[in-house]
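Build the full structure now, drawing on both the sequences and the hints.
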Amino acid sequence: MQQISSRHNSIVARFRDAARRAAPLDASTLLEGPRLIEDALAAGVTIDVAAVSSAQTTRDRWSSLLERLGHVTQLVHVSPSVMAALSPLSTPTGLVAIASLRPAPFESTIRAAQPLVLSLVGVQDPGNTGAVIRAAEAGGATGVVTVAGADPYGWKALRGSMGSTLRLPVVRADDAERIRADARARGLHQFAAVPRGGTPTTDADLSRPCLIWLGAEGGGLAPPLMDDADELVSVPMHAPVESLNIAVASALIVYEAARQRAHRTAPSLAARGPSA
Numbered sequence: 005m006q007q008i009s010s011r012h013n014s015i016v017a018r019f020r021d022a023a024r025r026a027a028p029l030d031a032s033t034l035l036e037g038p039r040l041i042e043d044a045l046a047a048g049v050t051i052d053v054a055a056v057s058s059a060q061t062t063r064d065r066w067s068s069l070l071e072r073l074g075h076v077t078q079l080v081h082v083s084p085s086v087m088a089a090l091s092p093l094s095t096p097t098g099l100v101a102i103a104s105l106r107p108a109p110f111e112s113t114i115r116a117a118q119p120l121v122l123s124l125v126g127v128q129d130p131g132n133t134g135a136v137i138r139a140a141e142a143g144g145a146t147g148v149v150t151v152a153g154a155d156p157y158g159w160k161a162l163r164g165s166m167g168s169t170l171r172l173p174v175v176r177a178d179d180a181e182r183i184r185a186d187a188r189a190r191g192l193h194q195f196a197a198v199p200r201g202g203t204p205t206t207d208a209d210l211s212r213p214c215l216i217w218l219g220a221e222g223g224g225l226a227p228p229l230m231d232d233a234d235e236l237v238s239v240p241m242h243a244p245v246e247s248l249n250i251a252v253a254s255a256l257i258v259y260e261a262a263r264q265r266a267h268r269t270a271p272s273l274a275a276r277g278p279s280a
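Using my numbering, read the sequence shown as starting at 5 and increasing by one per residue.
In short, the hints are calculated from the structure, not lab data.
Source: prediction; values computed, not measured.
A portion of the hints provided could be inaccurate.
Just the calculated beta-carbon pair ranges, DEER-fashion [stated by the list, open to error]:
| hint | residue 1 | residue 2 | range |
| --- | --- | --- | --- |
| 1 | Ser67 | Asp178 | 40 to 46 Å |
| 2 | Ala266 | Arg190 | 20 to 26 Å |
| 3 | Ser94 | Pro244 | 33 to 39 Å |
| 4 | Val252 | His12 | 43 to 49 Å |
| 5 | Pro244 | Ser67 | 53 to 59 Å |
| 6 | Thr95 | Arg171 | 23 to 29 Å |
| 7 | Ser247 | Ser104 | 34 to 40 Å |
| 8 | His267 | Ala88 | 47 to 53 Å |
| 9 | Pro84 | Asp231 | 52 to 58 Å |
| 10 | Arg171 | Val252 | 19 to 25 Å |
From the three backbone atoms N, C-alpha and C, an ideal C-beta is built for every residue, glycine too.
Put into structure tokens, the structure is as follows:
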């Protein structure tokens, strides 16, 4: 197994490039920590190279993961000082990898019978982006689109998603108009989430195939997206609260959609007949 003790090694440069994601269209991205790497392997993601700190190789709980990595990719041992250069964290976990991840096509988000797609516009915080993706998967959404915001495949967003980006179709788009046109062509009802003045989420029909536009907290959605939406929708809030964090708002909307869809598909008591 290759041992690396110099920060000038070419593999160190590869990890730094993957962490920076200077070329977002490049498929290479950094995975930090055993949990995310395990999720990537379970999702069938290609691991190009992995590095483990020599200070962590004796951990029993990592033994099976390291053995598996050694069979599927290049696994190198690095000194603690080199690991500090490889990992973007101030306190590295001691295990990092470079994976090949490409954004999903929009079509992959609408293959389900009842698509539920979240489309984020201008959300710059990668932690929030990752949290939205995590909530979307947990609540049964069929995909997430990000437009002109944080890179969902950057290491911060990946950590924020806790692996959900590796399993849920996540689209990266530069143009909201193209997504809007694609959604309309496929018959999706388009909601625009606004802080106030929209149909309350509890009254809106979120059980239908739909795409929900969400803007960054503060700036919100641009007027054209709101004007062209089929319907405005708002999460009910008590005064004087004026807005919610994008991750919180997304979770509330997705779970209201899940509640409505479960209610619609559940057999009625009359259909079940009398209980025994």
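> Which hints from the list above does the structure break, by number from lowest to highest?
Replying inline: The structure conflicts with no hint, since it agrees with every one listed earlier.
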